[in-house]
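Residue numbers (the UniProt record's numbering), protein chains in the order written: chain A, 1 to 324; chain B, 1 to 261.
Be aware that one or more of the hints could be misleading.
Simulated coverage check for chain B against chain A, where a stretch passes if three residues somewhere in it have a Cβ under 8 Å from a Cβ of chain A [claimed, not checked]:
1) 16-23
2) 68-82
3) 106-115
For the record, the hints were derived by calculation from the structure and aren't laboratory data. Quick caveat: nothing in here was measured; it's all calculated off a predicted structure. All residues carry an ideal CB built from backbone N, CA and C; glycine is no exception.
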Amino acid sequence: MTDAWLRSLGGLALAALAALGLSLALGSVALAPEQILAVLGGQGEALSRTLVMELRLPRALAAFAVGGLLALAGALMQVLLRNPLADPYVLGLSGGASVGALGAMLAGLGGMLVSGSAFAGALVSTLLVFGLAHGRGGWTPARLLLTGVVVAAGWGAVVTLMLVVSPAERLPGMLYWLMGDLAYAGSPWPPLALLLAACLLALPLGRSLNVLARGPLQAAALGVAVRRLEWALYLVASLMTAVAVTAAGSIGFVGLVVPHMLRLTLGNDQRLLLPACALAGGTLLLLADTLARTVIAPEQLPVGVITALLGVPTFLYLLYRGQG
Amino acid sequence: MRPGPASACLEARDLVIEVPGRPDGRALDLRLAAGQRWGVLGPNGVGKTTLLHTLAGLRAPRRGEVRLDGRPLASLRRREAARRLGLVFQERHDDFPATVRETALIGRHPYLSPWRLEGVEDLRLAEAALARLDIAHLAERRVDTLSGGERQRLAIATVLTQAPAIWLADEPTNHLDLHHQAAVMELLAEQAGAGHAVLMCLHDLNLAARWCDHLLLLYPDGEACWGPAEVMLVPEALERLYGQRLATARIDGAPVFVPAR
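Only chain A is shown next, with the shape it has when bound in the complex (with noise of 0.2 Å):
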């Protein structure tokens, strides 16, 4: 049983070392393995190590992070919702991250300000759907995501209203952000961090887990600590979220395609398929970020572009499939 997971696992690690490759060779100057090589190993001239350590590497790792973050958040939210279509934007949390986004935005402000604002909003869309669904009594998974879909439409309609009052120079930085973009990701390290923690969290709580996507009077009859479990997921999941929305906007698909491709291919004991997400949401992500600033270079396309263009037919695909 471990030894088919160890595979699995190695499998995803090499495939998420060889994107990481290939975007640190790819882009307006292509580099050879062993440039790239040389610069890792601290040599390397000028203006390739300019290009690794300072722009693809940081790209990159941010890259991965977000992708490796939004996937998990999303398997997350299946078990939590107990529905396989569950995404980590279910809730309402990129809405609200956008609309403090585009709010800095509008009022002139950029960089730190712009992501701080986003997280808040991520987090004040996270208390609000909590608060409202949880309301007398105690929440319910179909309480949960209508309230959640409710405030996202609110949400919604304050974007849109955002993005007509705006001035249009500032319409397409707003329209990137909104479909999601890595070119002011900033610092990789936090989203890095947060992903490789959530990780080791979720290895232990794996198995509860798997008795709580049995529903939750199974899963405290085999002794889960279900309440408990379910604050702990709504708020870890949230988190990941926040942070994936703040350092790259709202990228779509990721956290919907990833563990439900995932689950088809692996299973879904937790324990193999939450790291399993990690890595394979951030390999997803990376490469589709690689295509994304190559592909009609020197231009950039937003990411969520990419995503969503791979994301809708692979899903529709295994929709199909299912049925048959």
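Since chain A is already given, all that's left is putting chain B on it; use the hints.
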């Protein structure tokens, strides 16, 4: 020291289950002791499942308390309770894919620390439980491809893997063919014979008459009565319970009830 199965005992003290909008009725004061096989009978919607969930500590009662081995169930950690008390649910959720073997293995959850993987011994218990329920050949199959009866037997195999001292079973013969109904009742009787305690909700009076040594009758108005099976199996009481006239015969020394025409 952990109490062995011989001392297994679940008590309801002055217990009134929470059914919204229903008067309290008669509070339950009963003791499910090692070796006993209790049957719970009553018409649809009378609260049999709610009672079972309350006895398992999954729902708070309106009044009174449940004690497990002499200690209040509400004060025990869920994990501790799950090692003593197993529940066969009537409803189950298979939203996510899982194999039959994985499903049986979750019965070991209360015994394993968070970092431990299931070991050889856990796997052996699960395989033995699947074999006992005649579904060993389905071990690799996905749960959502099983028939209703196979799914039911898997639910029982999961609790058998859990190996609790007290079995609470919500209509354990649901969806089962005649042979497997008898096989499951035989299994539960065997569990009781090994010093475990069994309480099951049943719809089939005749299964109850044949396999249970104690009965609890729940009436729609909240009334209840309980006692040894031979005292409880009075046609008039059962007719009042279901609002249905019955014809009675004796076969193999046990009473048999069929609806009168």
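Please count how many residues of the segment 106-115 of chain B have a CB within 8 Å of a CB from chain A and say whether that reaches 3. holds (count 7)
Taking beta carbons only, do three or more residues of the segment 68-82 of chain B come closer than 8 Å to chain A? Three-residue rule met by the segment 68-82 of chain B, so holds; n is 6.
Taking a Cβ-to-Cβ distance below 8 Å as contact, does the segment 16-23 of chain B have at least three residues touching chain A? This one is violated; 0 residues, fewer than the three required, reach chain A with a Cβ under 8 Å.
When held up to the earlier numbered hints, the structure conflicts with hint 1 and nothing else.
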